[in-house]
Amino acid sequence: MPAISMTVNGQKVCGEVEGRTLLVEFLRDKLGLTGTHVGCDTSQCGACVVHVDGKAVKSCTALAMACEGAQVTTIEGLAKNGKLHQMQEAFREHHGLQCGFCTPGMIMAAVDIVKRKGKKLDDETIRHELEGNICRCTGYHNIVAAVKAGAEAM
Amino acid sequence: MSETGIGARVKRKEDQRFITGKGQYTDDINLKGQTYAYFVRSPHAHASIKSINTAKARKMPGVVGVFTGDDVSADKIGGLICGWMIHSKDGSPMKAGPHPILAQGKVRYVGDHVAVVVAETKEQAKAAAAAVAVSYGVLPHVVDAGKAMKSNAQVHDVAPDNRVFNWSLGDEAATDAALKSAAHVTKIDLVNNRLIPNAMEPRAAIGSYDTGTESYTLYTTSQNPHVARLVISAFHGLAPEHKLRVIAPDVGGGFGSKIFIYAEEVVCVWASKRIGGRPIKWTAERTESFLADAHGRDHVTHAELATDSSGKIVGFKVHTTASLGAYLSTFSSCVPTYLYATLLSGQYNIANIYAEVDTVYTNTAPVDAYRGAGRPEATYVVERIVETAARELKMDPAEFRRRNFVTSFPHQTPVIMCYDAGDYAAALDKALDMADYKGFAERKAASARAGKLRGVGFSAYIEACGIAPSAAIGSLGAGVGLWESAEVRVNPVGSVEVLTGSHSHGQGHETTFAQLVSDRLGIDINNVSIVHGDTDKVQFGMGTYGSRSGAVGMTAISKALDKIEAKAKKVAAAVMEASVDDVEFNNGSFTVKGTDKKMAFGEVALSAYVAHKFNSSEIEPGLKEGAFHDPANFVFPAGVHICEVEIDPDTGVTTVANYVAVDDFGNVINPMIVEGQVHGGIVQGIGQA
Numbered sequence: 094m095p096a097i098s099m100t101v102n103g104q105k106v107c108g109e110v111e112g113r114t115l116l117v118e119f120l121r122d123k124l125g126l127t128g129t130h131v132g133c134d135t136s137q138c139g140a141c142v143v144h145v146d147g148k149a150v151k152s153c154t155a156l157a158m159a160c161e162g163a164q165v166t167t168i169e170g171l172a173k174n175g176k177l178h179q180m181q182e183a184f185r186e187h188h189g190l191q192c193g194f195c196t197p198g199m200i201m202a203a204v205d206i207v208k209r210k211g212k213k214l215d216d217e218t219i220r221h222e223l224e225g226n227i228c229r230c231t232g233y234h235n236i237v238a239a240v241k242a243g244a245e246a247m
Numbered sequence: 190m191s192e193t194g195i196g197a198r199v200k201r202k203e204d205q206r207f208i209t210g211k212g213q214y215t216d217d218i219n220l221k222g223q224t225y226a227y228f229v230r231s232p233h234a235h236a237s238i239k240s241i242n243t244a245k246a247r248k249m250p251g252v253v254g255v256f257t258g259d260d261v262s263a264d265k266i267g268g269l270i271c272g273w274m275i276h277s278k279d280g281s282p283m284k285a286g287p288h289p290i291l292a293q294g295k296v297r298y299v300g301d302h303v304a305v306v307v308a309e310t311k312e313q314a315k316a317a318a319a320a321v322a323v324s325y326g327v328l329p330h331v332v333d334a335g336k337a338m339k340s341n342a343q344v345h346d347v348a349p350d351n352r353v354f355n356w357s358l359g360d361e362a363a364t365d366a367a368l369k370s371a372a373h374v375t376k377i378d379l380v381n382n383r384l385i386p387n388a389m390e391p392r393a394a395i396g397s398y399d400t401g402t403e404s405y406t407l408y409t410t411s412q413n414p415h416v417a418r419l420v421i422s423a424f425h426g427l428a429p430e431h432k433l434r435v436i437a438p439d440v441g442g443g444f445g446s447k448i449f450i451y452a453e454e455v456v457c458v459w460a461s462k463r464i465g466g467r468p469i470k471w472t473a474e475r476t477e478s479f480l481a482d483a484h485g486r487d488h489v490t491h492a493e494l495a496t497d498s499s500g501k502i503v504g505f506k507v508h509t510t511a512s513l514g515a516y517l518s519t520f521s522s523c524v525p526t527y528l529y530a531t532l533l534s535g536q537y538n539i540a541n542i543y544a545e546v547d548t549v550y551t552n553t554a555p556v557d558a559y560r561g562a563g564r565p566e567a568t569y570v571v572e573r574i575v576e577t578a579a580r581e582l583k584m585d586p587a588e589f590r591r592r593n594f595v596t597s598f599p600h601q602t603p604v605i606m607c608y609d610a611g612d613y614a615a616a617l618d619k620a621l622d623m624a625d626y627k628g629f630a631e632r633k634a635a636s637a638r639a640g641k642l643r644g645v646g647f648s649a650y651i652e653a654c655g656i657a658p659s660a661a662i663g664s665l666g667a668g669v670g671l672w673e674s675a676e677v678r679v680n681p682v683g684s685v686e687v688l689t690g691s692h693s694h695g696q697g698h699e700t701t702f703a704q705l706v707s708d709r710l711g712i713d714i715n716n717v718s719i720v721h722g723d724t725d726k727v728q729f730g731m732g733t734y735g736s737r738s739g740a741v742g743m744t745a746i747s748k749a750l751d752k753i754e755a756k757a758k759k760v761a762a763a764v765m766e767a768s769v770d771d772v773e774f775n776n777g778s779f780t781v782k783g784t785d786k787k788m789a790f791g792e793v794a795l796s797a798y799v800a801h802k803f804n805s806s807e808i809e810p811g812l813k814e815g816a817f818h819d820p821a822n823f824v825f826p827a828g829v830h831i832c833e834v835e836i837d838p839d840t841g842v843t844t845v846a847n848y849v850a851v852d853d854f855g856n857v858i859n860p861m862i863v864e865g866q867v868h869g870g871i872v873q874g875i876g877q878a
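In order, the protein sequences belong to chains A and B. Taking the working numbering, I'd label the letters of the first sequence as residues 94 to 247. Taking the working numbering, I'd label the letters of the second sequence as residues 190 to 878.
Everything labelled a hint here was simulated from the structure, so no lab data went into it. Hints are all accurate, no fakes.
No farther apart than 25 Å at their CA atoms in a straight line, the calculated lysine to aspartate or glutamate pairs in the DMTMM-like style are these:
#, chain 1, residue 1, chain 2, residue 2
1, B, Lys211, A, Asp134
2, B, Lys200, A, Glu182
3, A, Lys123, B, Glu309
4, A, Lys176, B, Glu192
5, A, Lys123, B, Asp217
6, B, Lys315, A, Glu118
7, B, Lys200, A, Glu245
8, B, Lys221, A, Glu118
The following block holds chain A by itself, in its conformation from the complex (with noise of 0.2 Å):
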């Protein structure tokens, strides 16, 4: 099986895959981090969202081999010494879950909608660009509040 090399949340990490290996699995099965969660295996649902060289990837779409050498941020590596990101603290604070199994991917997909459009967010865009992430639990609402806030405070 051919070997892999990335670097995940700061920590440089090796494996061996077959060339089907999903990067949700080398990250889920391989390394433990079971953060990064699969909803849909369509890459509908957005559960699986991680960051590969500062872009959000439905990591249950893209190979673990093409990601060889990058730099893969999980929903575990986002909070920093031990100080939670502000899009985390935004959606605890505007109750933006509930069962929790969509909220890594959510939280994620937040940070790089902030990266990509700015701090300063109106409703339409969250949701326009929330269209891939799906929530069954909160009707979205709560959802909206907590990116709006945490892009604020970013």
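Given chain A's structure and the hints, the job is docking chain B onto it.
Just chain B now, with coordinates in the frame of chain A:
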């Protein structure tokens, strides 16, 4: 009100792990030596199984075992059961067809579980499953509830006309008479479409058998692990309850679909022993969720509503055909009956109601409880026909509702329920005001000028929650009681663990239940932990569904806290050398009336465990109490929702222009969490609409 007590918008305690990726969902758990299961599923809606050839699959790389219905029979593993017996009008019991955990001789819906392959990796299991050769003899099928009783497709031998039961509630003769003599009768035909619950977390299970202790462990995505253990033990015959541990860790949403006991989890537990005790993990792909999770709704209804010349409702007659799918799922039979027809009075004072329900088998995924379970189906019928009647009578729909509201309580409906309290007009007034109902005509005209259509819809709903008084549901056919259990363990340092039989999968119990304890004992909410979801840790409990965990589960905790307080007072009295009648407990402190003697809750807890200062033959050491709570009645939250939509007739694009929800929920524990639940419910409803 304290900052963390009843009524406070306390931020959720459980969120820390979810926002940092530290939640532990079933698929996040991996056991030593774990193997993976993949199910061979039927590609046909209805077919006989002529043969299953597993020889090729068994030789595939990594395959540990391949099992079929023959193996299940050989081990005498019982089938899946439906836990609520419904009798037809003629007194005959419902016709329950067999539901084996792997198909035996026949498949009855696309996705039906035919065989399972267990392998070292999930990719190997999936590849080998594709090599299992099943020879099918395709049979005629029926998928439409309305056509099932006239179809030439027969889903189960036991039900020649596909009818599971023909059930009724209410007085048919009196209702017919009311309809006959009415000034006006409104008639409607409705379809409440089938839908798929689609929790974000797909169902998953890990079954393992310990050859040393001869016991099983099942990790599963369940809303009610104790009920799962009971059913797997009592009906599948795998192991007695004390040899089976069921753990439902973090569960990523349920909406009803994770109440039920499914074939896949039973197979994982059973087959683990077959492969020498290695754990077997199965995680559904989303396609499998669509195919093989229990679905919701699927009703076809004809309803007639009689009104007198003053616009008062005098009679209501409903006939519903409800599809239960290809097999009777765990609670399927009670959904279109006792959870449905008992709410057909809605918020209205209706003297005569008669409902008749035919449930049918179809060649579709089983149908069971989905968000609201029967009660939203009732609200849909009631509110659609009330709206239609108002329009036919040329009355304002809001005023027509108001004219017919129940206004005095308690109110006994003709369909079992006795509403305890409510003020329906107050909710309507508030909603009309918030929605600016008076300004609707103007907004509609403005939309028309812009080439758009605009409409407004009401839902004046009532829901029977806090399910359920055990004796009452027992008399109606339930196989279980629906009380709830709690144990409150006070530690020597005064921190508290609450073991609850309910299960949280998004509802925020770890916070709301802790608020109750913090409020009652006057202790920091961070000194309270809520423990749930593990049959080895928690006493038997009934789980979470039917909007029961607050009303029933928290009341059980409250009763246990009453006992804690009573016991702690005895300890405090002994330590402070006072009469127990003189000991008072307020804001976390025990005081003696008329003195300055005082002990903090934590001090009393420590005294209870140290047990130096009281006679142990009179007061037992320790501070731990349990309680079971069986409710005397349902609770009846009600409210009015008003939705205003604008439609572009050229494109069909529909925009929700405004949505107002006025809900009377009584004493709200955590408004932030309750509002979140309402948001989610509304959007699931809009999703179906």
